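For reference, the chains in residue letters:
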Amino acid sequence: MSDTTVPLESQTGHRSLLLPDEKLKKRRRSETWFKMLGLGAVITGLFFLVILIASIVYNGVPAFTQTYLTIPVTLPAEKLDKVGNRNPSDMRKVSTFGYKPLLEQALIDTLADRGIEMPFDDAGILADLLSDGAAAGVRRQVLDNPDLVGQTVEFDLLASSRIDGYYKGRVDRASVNRGMVLTSVHLDVADALKEEGLVERRFNLDFIIGADASDNRPEQAGVGVALLGSLFMILVVVALAVPIGVAAAIYLEEFAPQNRFTDLIEVNISNLAAVPSIVFGILGLAAFIQFANLPQSAPLVGGLVLTLMSLPQIIIPARAALKAVPPSIRQAALGIGASRNQMVFQHVLPLAMPGILTGVIISLAQALGETAPLLLIGMVGYIASNYPDGFLDGFVSPNSALPAQIYEWSKRADPAFYERAWGGIIVLLVFMLAVNILAVVLRRRFERRW
Amino acid sequence: MDAMAHTDQISMSQSETLTEASDNKIAARSVDVFYGKNHAIKNVDVDIDDKTVTAFIGPSGCGKSTFLRCLNRMNDTIDIARVEGDILLDGEDIYDKRVDPVQLRARVGMVFQKPNPFPKSIYDNVAYGPRIHGLTRNKSELDDIVEASLRRAALWDEAKDRLKESGTGMSGGQQQRLCIARAVATQPEVLLMDEPCSALDPIATAQIEELIDELRQNFCVVIVTHSMQQAARVSQKTAFFHLGEMVEYGDTEKIFNSPEDKRTESYITGRIG
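Respectively, the protein sequence lines represent chains A and Y.
Our numbering puts the first sequence at residues -2 to 447.
Our numbering puts the second sequence at residues 161 to 433.
Fair warning: there could be bad hints in the mix.
List time: in silico DSSO-like cross-link candidates among lysine-lysine, alpha-carbon distance up to 27 Å [unchecked claim]:
#1 32/A x 20/A
#2 274/Y x 320/A
#3 197/Y x 320/A
#4 280/Y x 320/A
#5 32/A x 22/A
#6 299/Y x 324/Y
#7 320/Y x 299/Y
Hints listed in this document are in silico derivations from the structure and should not be mistaken for laboratory results.
It should be emphasised that the depicted structure is a prediction, and the values quoted were computed from it without experimental measurement.
Construct the entire structure; sequences and hints are all you get.
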């Protein structure tokens, strides 16, 4: 048999296998198309994921470093400690405004010292290089260590957000002149300071543990307090939604009789899962704040709202996980004389645990990322400017949540806040990643073969 | 422990014999079972002897498994199932309102079609029943029960070195014997077996059949099987079910050699089923 001639029939008289079949070709073609389509979808998805992660990292990573100016500051005793006994409670009487002239003088001295020309008439304008919070930082360090008074000490002074942005490449000469605060002359001074090695950019721990700051101090804003708010809310959700949701799922799946009433409950739970979260927000406002008189902006209320939102999302997968436990295990338990309760809690529930946990963790992650309902109950971003006093206060003292804080920053005019918003998203994603890893670990622990 | 349980059961069945004047372990009287509107079991009367293997045979869907499940009230777990008539265990109606099916199932153990060990260790599988029923006071008593039960299920030699390993890691035949050991461990009086060999290979089947013959010395065994050869091999009494009715019931030898009913004969000879 040669390669060029294809026989129509095999030796036994059947249609030859070597003969191409038009219909089969068509079937094969559609298979190839579908494979390519699927591969294309996966590649597109990956492409966008890469873009997403790259842009988040590119925009957000600068928030994790902050610029400081290393300047020697003279701390005269006659100004800072008039009593003269280095007693912090007396020294507290000197406010931040008392420290501000010291910093201005220190800047002028440094310029003179390093042979940099002082371009401004007013020292106050030169001091715009520094953050409004720089004086407060010096004051805190002096109060912590009163012996510094009377000496000249090198301080790392927080630079203003524009200067920080200039070193990070966010601000340039054209854009800085559009603002009201700094001019390109400031940037010349900044360049000169950098040449002298007085500029340091270092890891910004305050961004992760700090509180939100007012509109004109973006360089001081941090996610720490909002992160605590999120944490307290999640505690409320874990304490309420998980036991209630799992118990409801067990009751409905294992104990409830099949009748119209339970059907109605089932339909309602499924529908609740599809209700927009903002509806839960306004429900929380009406029920918890206006009716039950719980405090506004409190993580307790936020946690309650998120509990309502999470319940259907916990119940539905938990029921599915319970339903997926093979009936043979139930029969084995019942056949040996286990009560229904023993069957559920000793056999069915342990086997359903991985599935239940998956649902719980997905719903917790979703609750963690929820913004809209929190805005309605007053957990807006700028509230998160004070730490709670202790554990219990954390539930009731006004606070925000991480996503609401990010939203707040994204609304503010200063691009420095925009950078912080991206940084906040990185913190949120790392938080989520940690929760997801925990989920995987827990699942592995509970997973059993049968 | 083993021997004590044995004599307990003998003395119990003797006293029952005196009071009831019969050695029927189970007596069913005009039992009907409905699944919703489906009439699955029609007016079945049967007396099942103690220390005997009784086989229920019949074509698929004839109701033999349904009837078996009435004997330990496993049908209770199906919402739409309804049982009418009387089923007496040692003269007591098991469908009496005062009877808790959990208590009943401790006395009427069950082995299922598909081996269904718990995903726990071999030891815990066997010990589960005695634990929940509070049959033992301490660990060594429990150890004794586990060993005795595994021995009865002819599994001790294979399992004694791997008691801590998962029961689901055993072969199918071993798993089924583990399920038998688990059922035996609660020290029941009756063992119900719902096609216990249908998921097993011929060698495992032979082992289980041999085991069933040994279990007869201590238990009243009722086995549902779709294999006539199996019924002939292991049982002393056979009941033939067809379309929800019990057509014929008697000594296995008689059912297979000289059936009275035409339908039984047709089934035995392979014309229906």
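Holds or violated: residue 197/Y and residue 320/A, Cα atoms, limit 27 Å. The given pair, whose Cα atoms are some 26 Å apart, holds under the 27 Å limit.
Would you mind confirming whether the straight-line C-alpha gap from residue 280/Y to residue 320/A stays at or under 27 Å? holds, 20 Å
With a cut-off of 27 Å on the C-alpha distance, tell me whether residue 320/Y and residue 299/Y pass. The given pair, whose Cα atoms are some 16 Å apart, holds under the 27 Å limit.
Next pair to validate is residue 32/A with residue 20/A; report whether the Cα-Cα distance is within 27 Å. holds, 19 Å
Is it true that the CA of residue 299/Y sits at most 27 Å from the CA of residue 324/Y? With a Cα-Cα distance of about 15 Å, the restraint between residue 299/Y and residue 324/Y holds, given a limit of 27 Å.
Quickly compare the C-alpha distance for residue 274/Y and residue 320/A to 27 Å and report which way the hint goes. Satisfied, since the Cα-Cα distance of roughly 19 Å is no more than 27 Å.
Has the given pair, residue 32/A with residue 22/A, been kept, meaning a C-alpha gap of at most 27 Å? holds, 15 Å
Checked against the numbered hints above, the structure breaks none of them.
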